[in-house]
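Chains as they are written, first to last, in our numbering: chain W, 1057 to 1253; chain U, 586 to 1070.
Hints in this document: simulated from the structure, not taken from any laboratory. For each residue, glycine too, the CB sits at the ideal point set by N, CA and C. One should not assume that every hint holds.
In silico lysine to aspartate or glutamate, EDC-like type, Cα no more than 16 Å apart, as pairs [unchecked claim]:
id	chain 1	residue 1	chain 2	residue 2
1	U	984	U	1004
2	U	875	U	767
3	U	650	W	1235
4	W	1110	W	1095
5	U	984	U	692
6	U	790	U	885
7	U	1038	W	1100
8	W	1065	W	1235
9	U	921	W	1100
10	W	1244	U	611
11	U	963	U	989
12	W	1065	W	1195
13	U	966	U	993
14	U	966	U	989
15	W	1110	W	1100
16	U	932	U	915
17	U	921	W	1106
18	W	1218	W	1195
19	W	1218	U	620
20	U	966	U	1001
21	U	1038	W	1106
22	W	1121	W	1063
23	U	970	U	1001
24	W	1090	U	646
Facing chain W, a subset of chain U residues (Cβ under 10 Å, in silico) [said to hold, decoys possible]:
id	residue
25	722
26	771
27	797
28	828
29	854
Which stretches of chain W does chain U cover? Using the computed rule of at least three CB atoms under 8 Å from a CB of chain U, they are [claimed, not checked]:
id	segment
30	1113-1127
31	1161-1169
32	1190-1198
The primary structure of each chain is shown beneath.
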Amino acid sequence: MKIDVIESKTVVIPVENIDTDQIIPARYLKTTSKEGLGDGLFFDWRYNPDGSPKPEFPLNQPAAKGAQILVVGDNFGCGSSREHAPWALTQFGIRAVISTSFADIFRGNSLKNGLLPVIVPADVHAELLKWSGIVLKIDLAAQKVFLPGGRSVDFPIDAFSKNCLLNGVDELGYMLNQEAAIAAYEAKRQGSVNTLA
Amino acid sequence: MSGNNNGATKQNGTSGPRTIVDKIWDNHVVAQQPDTPALIFIDLHLCHEVTSPQAFSMLRERGIKVRRPDLTIATMDHSTPTTSRDLPIVDPIAATQIAQMEANCQEFGLRLYNRMSDHQGIVHVIGPEQGLTQPGMTIVCGDSHTATHGAFGALAFGIGTSQVGHVLASQCLLQTPSQAYEIRVDGQLQPGVSAKDIILAVIAKIGIGGGTGCVFEYTGSAIRALSMEERMTICNMSIEGGARAGLVAPDDMTYQYLAGREFAPKGKDWDEAVARWKQLPTDAGATYAKQLVLDASTLEPMVTFGTNPGMGMPISGSVPTPSAATDPIERSDLEKALKYMALEPGKPLAGHPIDVVFIGSCTNSRISDLRAAAAVMKGRKVNPKVRMLVVPGSQQVRKQAIAEGLDEIFRAAGAEFREAGCSMCLAMNGDQLEPGQYSVSTSNRNFEGRQGKGGRTFLASPLTAAASAIAGAVADPRNIAGKLA
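If we strip away everything but chain W, and leave its shape as in the complex, we get:
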């Protein structure tokens, strides 16, 4: 799940406050694995009650095929903490999501699953929302999004997450290496509960 440069056309869902119940409905959460979630991505927006695809929904349009960059409205990924949302997006083939803001939990979950949340300024965002299918290049090392005309905009990401994504390493290894600090902290803790008592 390494990320370096993503160069792809975009697909645009111009809706604000898209919650994780829309990204992956709760009925898909009964699984005990991570498999097959891509099929449930935006299911109730992608399909009619009879199971036929809704042709007008952006992800169903022929031009969206193969798009790895999703452009969406503000506050993407709000609501439930389900990590099934980034799992479903990445299984569908999405590698980066561009917006002006992301919900905190979704953003954290995405960074742990090789899905890059990219925050761009409002004016650039407004333009990107208008042009589905344009090709963008996202360079994580440089923290830049290159627009079709050659202009680029910077995007923020914390140094630790960036390093994890560039090198394809996960956080847990780093955490387990802090064993001595954790043990030292535990030795001075007061008033712990004991759920096994």
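Position chain U against the provided structure of chain W, taking the given hints into account.
Same frame as chain W, now just chain U:
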């Protein structure tokens, strides 16, 4: 505390006046290295069947044990049926998930309150009920409504499944600090207006992204006057305002609630704990990054009209008109919401026919919620066009309701009185709306399809929900004669 984002600017560990959030943070830093989020110790991890299986698989794949099984408690609530416990689980996928939870807890040595346990219930109801939730703790769960535990002055927040794995493996999380956001509510609530109405009013004001990157601290005389269960209702919906956590500084009400509960400290340990807890409240002179002030006495019962919890209004109000919105995306989102809800702009919501009333969820399924609903229902009937479900938050709440005869009041009125669980809040256990149906629900989310594909949700308080069940339509509880909590 906002995941790994770099939106947080506040520097902690300074010697000046600190907020309760700063204090809890400072008490839990295990390690802090440059250009790296802090390693934070987690005092209590709550675990349920839906967001944990992939975390246990990860431990198994990497050959890692649970570091501190004594700091995790597990239960079953989300995909668990609320029909009779004598019956098997009909849905084979849910049955597999629940069986997997049993197997995982056994393999990794965790205490599990399973479907047959007297302590089973919604994870955010049982933590406080058992005295596991205590002031000053860091508490996490693979569930966005973990902020509920903030009612006790704990820093409690939802995490994803990867982080569930991190906590199981290391009892720590990597976090960056959040900004403190004071939500001050002064004044006295009017009769018929409750904690749920306060939080729905807050979210309507700031919007569902208004608290992103923040932790809410609820302060003010109206918050102080609330019971612990009411404070839980408020903190519970912090995430609906975009904040991962929300809390209320502990006070005598907190200590009285906790004293004598199963996992609460006893004897000398209790005295020491209370002395520590009394150090937690925000220092005079500490500053907040943001602030909202609300006057409780001006609030009415609230109800949502749209497809996110920020789309709410006083029950006497009218559905907003999209053409009045200046921002084009805001206008199209409102149009989309009203189309989904099949509501006409400019019309009042009161009097709108409904099909289902749901009393339950981690927001409003505690004994005081059931008492409030029962006070309205007593001697009255659920409208024949309406199906009403009352789903207690835990087996303990259920037992107490039965002891008080509340189950009989609900049944006599024509409502179903169920086993404990999340039920129709997220509709993954078979309890759900049919396409096109309207509900008045005491839960926390009115997203499209949240209560069942094509279902339409009006969020409200238990009083409003009960009054609506009788009327067969969205109803103002202040119009119901008799006792109002």
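For each hint, the structure was consulted:
For the hint pairing residue 984 (chain U) with residue 1004 (chain U), the CA-to-CA distance comes to about 10 Å; that is within 16 Å, so the pair holds. Taking the CA atoms of residue 875 (chain U) and residue 767 (chain U), the gap is near 6 Å; set against the 16 Å cutoff, the hint holds. Note on residue 650 (chain U) and residue 1235 (chain W): the hinted pairing holds, with a Cα-Cα distance of about 14 Å set against a maximum of 16 Å. With a C-alpha separation of about 15 Å, the suggested pairing of residue 1110 (chain W) with residue 1095 (chain W) holds against the 16 Å cut-off.
The straight-line distance between the Cα atoms of residue 984 (chain U) and residue 692 (chain U) is roughly 31 Å, outside the 16 Å bound, and the hint therefore fails. At most 16 Å may separate the alpha-carbon atoms for a hinted pair to count; residue 790 (chain U) and residue 885 (chain U) meet this at roughly 14 Å. With a C-alpha separation of about 8 Å, the suggested pair residue 1038 (chain U) and residue 1100 (chain W) falls inside the 16 Å cut-off, and the hint holds. For the hint pairing residue 1065 (chain W) with residue 1235 (chain W), the CA-to-CA distance comes to about 44 Å; that exceeds 16 Å, so the pair is violated.
Of the supplied pair hints, the one linking residue 921 (chain U) and residue 1100 (chain W) holds, its CA atoms being roughly 14 Å apart against a limit of 16 Å. The straight-line distance between the Cα atoms of residue 1244 (chain W) and residue 611 (chain U) is roughly 14 Å, inside the 16 Å bound, and the hint therefore holds. Between residue 963 (chain U) and residue 989 (chain U) the alpha-carbon distance is near 13 Å, which keeps this suggested pair within the 16 Å criterion. A hinted pair counts as satisfied when its Cα atoms are at most 16 Å apart, and residue 1065 (chain W) with residue 1195 (chain W) qualifies at roughly 14 Å.
With a C-alpha separation of about 12 Å, the suggested pairing of residue 966 (chain U) with residue 993 (chain U) holds against the 16 Å cut-off. This hinted pair does not check out: residue 966 (chain U) and residue 989 (chain U) have alpha carbons roughly 19 Å apart, beyond 16 Å. The straight-line distance between the Cα atoms of residue 1110 (chain W) and residue 1100 (chain W) is roughly 9 Å, inside the 16 Å bound, and the hint therefore holds. Proximity of residue 932 (chain U) to residue 915 (chain U) is assessed by CA-CA distance (about 20 Å); at most 16 Å being required, the pair is judged violated.
Restraint check: the Cα-Cα separation between residue 921 (chain U) and residue 1106 (chain W) comes to about 21 Å, which exceeds 16 Å; the hinted pair is violated. Of the pairs offered as hints, the one joining residue 1218 (chain W) and residue 1195 (chain W) holds, with about 11 Å between alpha carbons and a cut-off of 16 Å not exceeded. Distance check on the hinted pair: residue 1218 (chain W) and residue 620 (chain U) sit about 11 Å apart at the alpha-carbon level, within 16 Å; holds. The hinted pair formed by residue 966 (chain U) and residue 1001 (chain U) meets the criterion: a straight-line CA distance of about 12 Å does not exceed 16 Å.
In summary, the hint linking residue 1038 (chain U) to residue 1106 (chain W) is supported, as the alpha carbons are separated by about 12 Å, within the 16 Å threshold. Using a Cα cut-off of 16 Å, the hinted pair residue 1121 (chain W) and residue 1063 (chain W) holds, with the two alpha carbons roughly 14 Å apart. Proposed proximity of residue 970 (chain U) and residue 1001 (chain U) is supported: the alpha carbons are some 14 Å apart, at most 16 Å. A C-alpha spacing of about 14 Å is found between residue 1090 (chain W) and residue 646 (chain U), which places the hinted pair at or below 16 Å, so the restraint holds.
For residue 722 (chain U), the suggested interface contact is upheld, since its CB lies about 8 Å from the closest CB of chain W, less than 10 Å. Of the supplied interface hints, the one on residue 771 (chain U) is violated, with its beta-carbon coming no nearer than about 28 Å to a beta-carbon of chain W, more than 10 Å. At its closest, the beta carbon of residue 797 (chain U) sits 6 Å from a beta carbon of chain W; the interface hint therefore holds under the 10 Å criterion. Interface hint status for residue 828 (chain U): upheld, as the beta-carbon distance to the closest one in chain W is roughly 8 Å, under 10 Å.
Against a cut-off of 10 Å between C-beta atoms, the interface hint on residue 854 (chain U) holds, since the closest Cβ of chain W lies about 7 Å away. Check on the segment 1113-1127 of chain W: 0 of its residues sit with their Cβ under 8 Å from a Cβ of chain U, so the three-residue criterion for coverage is violated. Counting residues of the segment 1161-1169 of chain W whose C-beta sits closer than 8 Å to any C-beta of chain U gives 7, which meets the bar of three, so the coverage hint holds. Look at the segment 1190-1198 of chain W against chain U: 0 of its residues bring a Cβ nearer than 8 Å to a Cβ of that chain, fewer than three, so the hint is violated.
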